[in-house]
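Trainee: The lines below spell out each chain.
There are 2 protein chains.
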Amino acid sequence: MSGLVEALRRAIGDAQVLTGPDAAPYEQEQRRRWPGQALAVARPGSTAEVAAVLRLAAAHGASVVPQGGNTGLVGGGVPDATGRQLVLSLTRMNRVRGIDAANLTMTAEAGCVLQALQAAARAQGLLFPLSLAAEGSCTIGGNLATNAGGTQVLRYGNTRELCLGLEVVTAQGEVWSGLSGLRKDNTGYDLRDLFIGSEGTLGVITAATLKLYPQPVATLTALAACPSLEACVALLMRARARLGAGLTAFEVMNRLALALVARHFPQCAQPLPGAAWTVLLEQSDGESEAHARALFEGLLEAALEDGVVLDAAVAGSLAQSKALWQLRESIPQAQSAEGQNIKHDIALPVSAIPGFVATTDAALAAAFPGAALVNFGHLGDGNLHYNVQAPPGMAPAEFIARHEAAVNRIVYDAVDARGGSISAEHGIGHLKRDELAARKSPVALGLMRAVKQALDPQGLLNPGRVLGP
Amino acid sequence: MSGLVEALRRAIGDAQVLTGPDAAPYEQEQRRRWPGQALAVARPGSTAEVAAVLRLAAAHGASVVPQGGNTGLVGGGVPDATGRQLVLSLTRMNRVRGIDAANLTMTAEAGCVLQALQAAARAQGLLFPLSLAAEGSCTIGGNLATNAGGTQVLRYGNTRELCLGLEVVTAQGEVWSGLSGLRKDNTGYDLRDLFIGSEGTLGVITAATLKLYPQPVATLTALAACPSLEACVALLMRARARLGAGLTAFEVMNRLALALVARHFPQCAQPLPGAAWTVLLEQSDGESEAHARALFEGLLEAALEDGVVLDAAVAGSLAQSKALWQLRESIPQAQSAEGQNIKHDIALPVSAIPGFVATTDAALAAAFPGAALVNFGHLGDGNLHYNVQAPPGMAPAEFIARHEAAVNRIVYDAVDARGGSISAEHGIGHLKRDELAARKSPVALGLMRAVKQALDPQGLLNPGRVLGP
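Residue numbers (UniProt numbering), protein chains in the order written: chain A, 1 to 469; chain B, 1 to 469.
The set of hints was computed from the structure by calculation and includes no laboratory data.
Treat the hints with care, since some could be wrong.
If several chains are the same, the list does not tell them apart, and a pair holds so long as it fits within one copy or across any two.
[Unchecked claim] Straight-line alpha carbon distances no greater than 25 Å define the calculated DMTMM-like cross-link-like pairs of lysine to aspartate or glutamate that follow: (1) Lys-322 - Asp-14; (2) Lys-343 - Glu-305; (3) Lys-440 - Glu-174; (4) Lys-440 - Asp-100; (5) Lys-440 - Asp-416.
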């Protein structure tokens, strides 16, 4: 293996092959949950260099862990502890190759930070709508490899739906130049979507052509207090019918989630405190703020009359809109301040969510009396962050150590029973690999293994992630 | 092979295994371009029966040609002339399994006719937006297998974007139950999109879960006369910025296309005759027809002032809207009335279209003086139907026989040079298989072959379509 490191130095330059302490920042993710040690970290600066790295790795039989901004939550982008895996960092490939305003597309390299791409689009008066908590440091390559979701999926889709074409280096070190600004292209199999979401196990994404949109003229948020989750779903249906594609976010928060924000971030104003369920709606309008406001008011007044909504507040200014988002985005931090908890990133048919929450809340309460259920997420996408906190008097670490498996079983069995997903937007990586193997159908797993074997017969690309050995 | 036919009769019933004259309607498509002869036609009535058919075919080493409504244009759904291929007709699997209004999804079997699905959604006050010329007889299974496009792609995407989950029978006769009403699901590789658009060469789609949308309150069309294709692109950008997702269609027609309609369908009113380029815009509005009209008028008045549009007419009634669509939809028939022509279903970045048309028109005029260029299509999607008609005095059949290859070379070379696609929405099938092999990159073809080999190692599913032997 030392021969590989030497060969890498010759191929991409000494300065771009890191070992020892220099490699440390690439060996662990932020929560240090999977302590890893890399053979080396290769930082190629071009597609040709990525291909050279992969050809050398293949020749030496070394496995390769592609890494973007290293913000993943499932251990998909860090090496294992063997010291034999090569980390392939894409962060030096951070060039916007071009923006085609008339085609509403942007071509960017994998290492571009998401926020930089948002800014590049904005500089042309356009919108790249992907937006998520880690946008200041995550990269578009990682977003694509994990098919990231975020807050604008309701209108614009996941990262998958925002991508028109890819450039990918295969396990054999060949370059597939599939960059395309086309909205329609039926020339053969959909290789693009095969690589998207495959978490670096089928090939290494080096660049992408992405969809852009006109910037909305006005963005407005509103808060609505609902008596039940059923009422939240009813409000969603009304909002979709009334606002159409103008509805760009529909987030839900339970009472406990906002109570934790009140405890840990008392400076956050809570215009509608104490509701069983609070909905954050965002509207993006191509006409004017007044038009958006009139639509919101029409929607919410009718919902108030029918009891679907108990109280509502439309933001009066951009600052107030930001403050409402701040409420929603403070929940994870507020929860962390309470101590660790058992997190679930699940998706369900929207229609199944009220029943799921009622029965799963009850099952968890029966099994773990006093356990607290912090429930929030992207209701418009059927995606809940359904997190379980230790009962009062039990240390979070002890609760997790003793009960995580049982809690997961209750939650995931209920998800499975309703045709849901145990990973809505965070991916599988290392964290959920065994859960996936246990819960996915043998036919689906067989198809996945056949594809993996076809594209990476040596099993060198991110081994042990998504699929087990 | 006679053993196979006997075994099929036992598995799905005598009445559902057709041979001889009974099989004839399944052996050719409507244009009779690929005269075929089938070993037999199997018409299973359930997913289990489809699986049984595929297991029997695999055991007998017989190749299988899946078929839906048999409306395809590229020879992807009819058997070859050997009499050794089994046609697998999905038309008996035509049940809507369910509509989940709160989740905005519908689950339907592959053999459902598209128009029946549109009607099923409408009956619940919802919209299934896929719409194309063959909707009265094509099936959703075929739409998925070919990733069909149509007139609403600008807003709602291709069939791919309208599908959340699939049920597929594999080449081995196993059932992958991937039906899902989830907007987010990152549990492993994207098998769904691998089967969509694979034209029956990787598996047989038996059912799908599809996205539904609220019905728009008003749909309004307008016609605009533009001085140039550049102006059409400028109008598209303005319309996208101003109408946002309300812009559901943006179709372009050149002067000759509408002149042919005037000749063969003189009863079709042409409100803006003689323009170099005519644009048909459609707006779907969640508020009211008056709101949609005001938006159209604001857009078109500004475009008139700036010379982007020379004249415009907004439909005054639903009947007028339909009449404008009739104009657009009469073009293929008007062209057929002139005699056969050389058709191209191409896609380009929208920004590249004016340059492509100018240089390709000129190259064709130089090579084939007098050849007529009928150019129309979905400009909003970058998709043109760029058809070439024989010069006056030359019989269409002679023109095609002598010059089709040279015409295609000029057109497709120009498409390739601009990063375009030689099949935007019709697929590859038999018709464009060799063109694809010649023009697609070896790396892409290699990846496709690896996937095909992995999923269908015996090569029994629709052999010779998409990929050559």
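Trainee: Are the hints correct? Go through all of them and say.
Mentor: Outcome of the hint check:
no.	hint	in the structure
1	Lys-322 - Asp-14	neither (46 Å within a copy, 67 Å between copies)
2	Lys-343 - Glu-305	neither (36 Å within a copy, 57 Å between copies)
3	Lys-440 - Glu-174	between (31 Å within a copy, 15 Å between copies)
4	Lys-440 - Asp-100	between (41 Å within a copy, 23 Å between copies)
5	Lys-440 - Asp-416	within (9 Å within a copy, 41 Å between copies)
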